[in-house]
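Hey, can you work out the whole structure from these sequences and the hints?
Quick mapping for you: the protein sequence lines, in order, are chains A and B. Counting with our numbering, you get residues -17 to 391 for the letters of the first sequence. Counting with our numbering, you get residues -4 to 211 for the letters of the second sequence.
Source of the hints: derived by calculation from the structure; they are not laboratory data. Note that beta-carbon positions come from the ideal geometry of N, C-alpha and C, so glycine has one too. One or more hints might be untrue.
Said to hold, decoys possible - List time: in silico PhoX-like cross-link candidates among lysine-lysine, alpha-carbon distance up to 25 angstroms:
1. B/Lys76 - B/Lys55
2. B/Lys79 - B/Lys55
3. A/Lys2 - B/Lys205
4. B/Lys79 - B/Lys67
5. A/Lys205 - B/Lys161
6. B/Lys79 - B/Lys52
7. B/Lys140 - B/Lys126
8. B/Lys67 - A/Lys43
9. B/Lys52 - B/Lys140
10. B/Lys126 - B/Lys79
11. B/Lys92 - B/Lys67
12. B/Lys140 - A/Lys43
13. B/Lys205 - A/Lys43
Unchecked claim - So the derived list for chain A, only partly shown, Cβ under 10 angstroms to chain B, looks like this:
14. Arg12
15. Trp366
16. Leu367
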Amino acid sequence: MTNRVIAWIDQRFPLTSFVKHELTEYPTPRNLSYWWNFGFLAGFVLVLQIVSGIFLAMHYKPDIHLAFDSVQYIMREVNYGWLLRYLHAIGASAFFIVIYIHMARTLYYGSYRAPRELLWWSGQILLLLLMATAFMGYLLPWGQMSYWGAQVITSLFRATPWFGNDLVLWLRGDFTVSDATLNRFFALHYLVPFIIFGMVLIHLVALHAVRSSNPSGINLADKDNIPFHPYFTSKDFYGLGVFLIVLCGFVFFKPDFFLEAINNVPANPMQTPAHIVPEWYFLPFYAILRAIPDTLGGVVAMVMSIMIFAAMPYLDRSKLPGGARFRPLYRLAFYVFIIDVAVLSYVGAHPPSGVLVDVGRVATFVYFATFLLLPPVSILEERWLRARGLPPGLETLVVGEDDKVGAEK
Amino acid sequence: MKRLKFAGLCIFLGMAMNQSLAVAAEPADVEIPQSPAAVRRGAEVITNVCMACHSLKYIKYGALAQLGFNAKELDTMRGGKSLKEPLVSDMSPDMLKEGFGVVPPDLSLMAHAREGGPAYIYEILTGFYHKPDGSVDNHAFPGIKMPDVLNFSDAEGPAQRGPLEKQARDAAAFLNWAADPHAAERHHLGYYVLAYLLVLTILLYFSKRKVWARLD
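Next up, the structure:
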C-alpha cells in the first residue's frame, strides 16, 4: 500500500528522487568536525522561535497601554506561558550564539572562498534579517530598555543626508517611538521570520549546489564523502541533544540571565534610564558606533562592520586550502579578531568614559584593520609559505588539487 | 580545533562577564530567605504595611493560597475584596501623588526590576537613618520619598534592629516570590526535563557511534 502511494506520488512529484538527492545520497565530507553542527542548530532555533512566537502572539497585545501587562499575563496566567516566553527570549540569545559560532567556523576554515561566495552572501542577508527581527522583537515587552533602545537606534537614521528626519518619522510612524511604532514592529517581527525561512531554503539550495566545505579546505574525492543520512543526521541529533541541555538549563534555572533588570519597569517616555545598552549580541557593533565621534561616521562604521563580512571572498587572496589551519598569519588574525570582538562587547556594555573611550577606538581600528590588511597579508603569507616549503600534509592537498584541475582540463 | 574551541570559550566568557558585571552592580551580602514560612511572613508585612501605598497589580488574592494561607487568613488579608481581585492599595494614585510627590511604584516585579534584586529591597527598608539635622534619609536611595515605614531610623542596637531586619528580609523574600511565582514549579519541572534530555543525549551519542562504526 505504502509503495503504491509513493509510486503514485513519484509519477507526479519527484519525492523519492528528492529525498535521495538531498538526504540519503547527498554526499558530505566525512571529516566534518562538530563545528559543522551549528548550521543545523540554527535551523532548529529558527523553528523553535517561530513556533513559540506564534503561541506568544495569541496572548500578546501590541498596544502601549496593554503590551507590558499582556507580557505579565503570559508569564503569570497563561498555562506554561512562562515556558513559552523564556524559550523565546533565551532562544533569541541562543540564535545569535549559534549564528556567531557558525560564522566563526566559516571564517576559521575559509569556507567563504570560491565557489561558496553566494552561499556566504545568502548567510550575510540572513544575519541582517535576524538582527532586524531581534531588534524589533526587543521593543515588544515595552519595558524601559525596549523603549529607549528603539528610540536610540531609530534616531540613528537621522544621520542620513537630506531626508534623515523624514526617514525617522516614516520608520516610527510618529515623532517618537509610540503606539504606531509598537504596532508596526509587531507586524514586522511576525513577518520577517517567514522571510528568513525562505532565505534559509535559498541558503540550502546554494549549499547543495557547492556542497559543504571541510576542515582540509579542498573538495574531497568521492571516496571521502559519505551520505548525509544516516551519518550526519545522527551526528546532528546528538549535537541537538547537547544544545537542548544548555538551552533548557538557562530556560528553567537562569531564565533572566540575558535580560536587563530595568526592562521589568514599564516604558516611560518621560524618564531616560541612566545607561542605555542594547542586547549583548549588538554590543560590538554598538561600541563601534560610539567609537566614531561623528554621528554619520559612526552609523557608517557600524553598518560597514557588519557588511564587511561579505567582502571576505575578495579580501582573502590566498589560494592555500584549509583556512586558518595551515596559515599562521591568518590564524593569528582570526584570534586577534575574536579577542577584539570580546573587547568591543565589553566597551559597548559600559558607559563611555575615560580609558574605555580610547580602548573602544583602538578596538574599532583593529576590527577594520584585520579585514583591510588581509589582501596584502594573505598574498605575502602564501608566498612565504610556498618559499619555505609547505608542510607535508598541505603539500599533498595542494598537489591533489592541482591534479584534479589538470584532470578536468 | 582545540584553539577554535578556546577562542569560542574566550568570547563567551567575555560576554558572560559583561552580563554578570551588568547584573551584579551592587552585590549585597544579604541572604534573602527562600523558605515558605519567610515568604508567608513577608506577605503579611507587605499587605499590612507596604500596601497602604503600594500595589501589586499582577498578584491576585487567590494566588496567595499557593503560599499556604488558609481561607480564614486570606479573608483577613483581603478584607471585603474578592479572591479574583489584585492586590491594589486603597489609596488612589492621585492622593499618593499629592501626599508624597510621586506615585509609589507597583511592587509585583520590584525584586526583578532593580539591580541587586531582593537584596536591594532589604537595603532600602533597612537603609533609613537620622541625619545630623534630625531629618530622615536613606543610605541605599538618598532622597527617597518613601517614609521609614519600619521605623528603622529610630531603632537602636541589635535588640531593636534585629526584628526589623527580619521583617525586611521577609518582605524581600515575598517580593522575590511575587516577581516570579512560577519559580518553584519551573525548577521542579526543570530537573525532569534535564534528566530526560541527558538520557536522550546519551542514547543519541551511542546511536551516532553505532552508525559511524559502519564506516571502519
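Against the structure, the hints come out as follows:
no. : hint                : result
1   : B/Lys76 - B/Lys55   : 10 angstroms, holds
2   : B/Lys79 - B/Lys55   : 6 angstroms, holds
3   : A/Lys2 - B/Lys205   : 22 angstroms, holds
4   : B/Lys79 - B/Lys67   : 16 angstroms, holds
5   : A/Lys205 - B/Lys161 : 73 angstroms, violated
6   : B/Lys79 - B/Lys52   : 11 angstroms, holds
7   : B/Lys140 - B/Lys126 : 15 angstroms, holds
8   : B/Lys67 - A/Lys43   : 37 angstroms, violated
9   : B/Lys52 - B/Lys140  : 21 angstroms, holds
10  : B/Lys126 - B/Lys79  : 44 angstroms, violated
11  : B/Lys92 - B/Lys67   : 34 angstroms, violated
12  : B/Lys140 - A/Lys43  : 33 angstroms, violated
13  : B/Lys205 - A/Lys43  : 49 angstroms, violated
14  : Arg12               : 7 angstroms, holds
15  : Trp366              : 21 angstroms, violated
16  : Leu367              : 18 angstroms, violated
Of the numbered hints given earlier, the model fails hints 5, 8, 10, 11, 12, 13, 15 and 16; all others are met.
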